[in-house]
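> This is what each chain is made of:
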Amino acid sequence: MKPRHKKLAIIASGVTALGLAVALVLNAFESNMVFFFSPSQVAANEAPVGKSFRIGGLVEEGSIRRQSDGVTVKFIVTDTAKVIPVVYTGILPDLFKEGKGVVAQGKLAADGVFRADEVLAKHDENYMPPEAAGALEQARIQKTVMTK
Amino acid sequence: MMRFLLPLAAFIVLVGFLAVGLNLKPREVPSPLIGKPAPVFQSQSLHEPERILASKDNLGKVWLLNVWASWCVSCREEHPLLVELAKSGIVPIYGLNYKDKRDLALQWLSQYGDPYTISVVDPEGRIGIDYGVYGVPETYVIDKNGVIRHKQIGPVTIESLEKKILPLIKELQG
Amino acid sequence: MIPELGNFALILALLLAITQGTLPIIGAARGIPSWIALARPVVQGQFVFLAIAFGCLAYSFVSNDFSVLNVARNSNSELPIQYRIAASWGSHEGSLLLWVFMLAAWSVAVSVFSRHLPDEMVARVLGVMGLVSVGFILFLLVTSNPFDRLFPAALEGSDLNPLLQDPGMVIHPPMLYMGYVGFSVAFAFAIAALISGQMDAAWARWSRPWTTVAWVFLTIGIMLGSWWAYYELGWGGWWFWDPVENASFLPWLVGTALVHSLAVTEKRGSFKSWTVLLAICAFSLSLLGTFLVRSGVLTSVHAFATDPTRGVFILAFLVIVIGSSLLLFAWRAPKVGLGGKFDLVSRESMLLANNLLLMVAAGSVLLGTLYPLIMDSLDLGKISVGPPYFEAVFVPLMTPAIFLMGLGPLARWKQASLPELMLRLRWAFGVSVITALLMPFVMGEWKPLVSFGLLLAFWIIATIFVSIQQRLRNSGQGGLFAKLAKQSRSYYSMHLAHLGIAIFIIGVTLVNGYETEKDVRMEIGSTVTMGGYTFRFNGASPVSGPNYKAMRGDIDVLRNGEKIRVMQPEKRTYNASGMAMTEPAIDTGFLRDLYVAMGEPLENGAWVVRVYHKPFVDWIWFGCLLMAFGGMLAVTDRRYRLKMHSKHVETAAVEDGKRVTNNNTGLATGGRKA
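Residue numbers (my numbering), protein chains in the order written: chain E, 11 to 158; chain U, 872 to 1045; chain Z, 3 to 676.
It is worth saying that the hints were derived from the structure and are not from the lab.
Note that CB positions come from ideal geometry on N, CA and C, so glycine has one too.
Derived, one-sided and incomplete: chain U residues facing chain E with beta-carbon distance under 8 Å:
hint, residue
1, 970
2, 995
3, 996
4, 1000
From just these sequences and the hints, can you work out the full model?
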């Protein structure tokens, strides 16, 4: 191979590889990005139906109900303005508690119940997931605006 | 030559995003309650359940409202400071015992010392919601007219006390 | 008193670090021998003071001095002694002190094992490391002093986060940090080379063993972290693509590329500027990892202590260190030259392709990690990028890399022939395809992805066999063992590390393909069957540990009706923090793990119990260990040991930088004692 051809071949294969990588990344983002919504946003129908997303807020006091199978749990997530009922099957994280911050990932069913397939709580007792804290802060700002 | 500058260019873009990202935290959002009248509450005293304390009783003086609970780890960290502050008599500290059990809370105070003029109970966290409590501990500085002037999220530290809270109290009392 | 002593030692260390970061570099530039000679003693002095500082902190923890804020926050008088020691690096402040302490230890190692290097070079390398040290000590003193007092003293400490009270967590951070910090040596060598404009095979020979050692530590550190997540978080997963995990994985990917690129630079003199760029990137990503973990920029389940003012400091530090190195790179690298030429099909080109794939993989992991931040910065909504993204990008990128991993060691340097390679590898390919197609049936069910994963693993193993067999055929006379003994350690180390990748892939493939997990409600006496094992729940009873109380479940494992094992998972509540912790019980086996964790208590003594059957899961960590062992073997290669005995030869080799080394016999000169 002539040096000029060799250089061309290297550049061509480099560009192809990079193009493939970019295509891979874009495709993966397209299908695997998970958006975050607060209960208020869900109540305002901003969240997609049938697509996976995350919600965050506080677990409402006294709202945890265990179903008879012992493994399915229902609870309510609130941002102090709006609430959203959540159903989850499985073991909850150690730090999941009433009145504490929580982030759940799953889909919103047609009946308005959020079916979570993942529930996250932080490793630190006093810590609130920033997303959940953000949702609460947002709801509070709106409440203050409304009462004015 | 140009291609050797590419890594630097990529890094500069990255730094841009990191710098913006640093300023995005929800904790950076100032509380919307600052400068607003403190939400009115009325609740039982922790020590004497039959006694009811209303926040409007505090009109005319500068006071601190400290949200605490016996289950809260960081409260333990700030607690010695609060005890010191209470001893100095600079400002009355009112406790809001948040989502706690009475016996545990009383035991906690007898063990670590009680800096509070009065602690009121908020077992369901209703007062907490009005104040926008999203983590314990939180501390509010409230002026003579019952307006919230400052909110400390997380434990009170020597630094925050000396740089922010004490000067503010002095100014408000002055 | 002791904490003040520690603080004072830290300040003295800072002064020495400033000296170390300035005088030797200026001395090397201006040719002032006395300033150059300062480098070694100053480094050793700095190490002593940092050791004192670290000792003071450890002492404060051991003696339960709750007048130190750091101790009050992260320890407790009930905490067992080994965790009190580990708590000294369990906090943000302590972990950074460990970071600089290790940097000093690496610097001392460089100063001791560099007798054969030119003094100017050593002065520049240690000077660069001194500058890094200045940044970190300043950061400690200004934003996160581990010796800050709490006044009045706390009666009792808040306790170490229970998740960190675990033997794995005692050694995981030091290992990981040894890796992170170790890349600073390669970085310092690269910067010194850029400053001096002297970059030849000798330079690569010096940096190579250092880089390999750092890579070994990082590999072990990541392995321990993954293992810890598996048995301590109670979720049974071993990798979550969490930002903090990614922060350690990024330097590993780039470090792996660097190790390979250095091999080419040492043996062929090629890829020089690329190698330098990789060395800068590997260390930059270590710094970025520290930034991501400590600043709270990213939401992560691991980020224990976060604080934005610290973030600002580290960001400024990042800008100075990385920005100036990349600027230096842009300025000096064009003069470095390209080095030896090679053909489109050659071992060099395959290594380069692998390097690029690793870098693209690192780039896509970085993008996925930072994407939520970018979206948030541009106000496009709050999002999270989960494991599916990383898997969808990472696996396709690594597939060609693994294919090349089989080809590369058999290809000739400079110029190879594709048809000849295909001829030599046709059996390896056939065998791996057939085995990969058939193996899943042995496991009970054929799955395309399992077959695919196994194909990659078997391809690596088969090519290793072909490589060794052909190597032996060309090794002249003698019996099999004599021939085997003839091969250099660096040759075996390569295959060992590659075999580690194969074992790792087998573990990942089989556990993903055939694991079963169930969250079930278990009454006392009820059973659940999984993977041929029956689990019988006999109830839970209270027990108490040194600083916690727990409910301990009692579960019999039966196989074919016979009891083979009792498993006792716990649900703990720690006294000081009141935090609940799941402590799973794991029965480890060569071919499978049984994993039982307690969920929540129900009425009548029943519990929600999580039961897992995980085939081949331990192969994942065993593969990592093999990789690390391969790296260690490479560092003990004869050509590095030889140097000890023949210093004069060494010096000659160093002066004759362009000398071409003999890569086949492993007799190349240069490097340092391991």
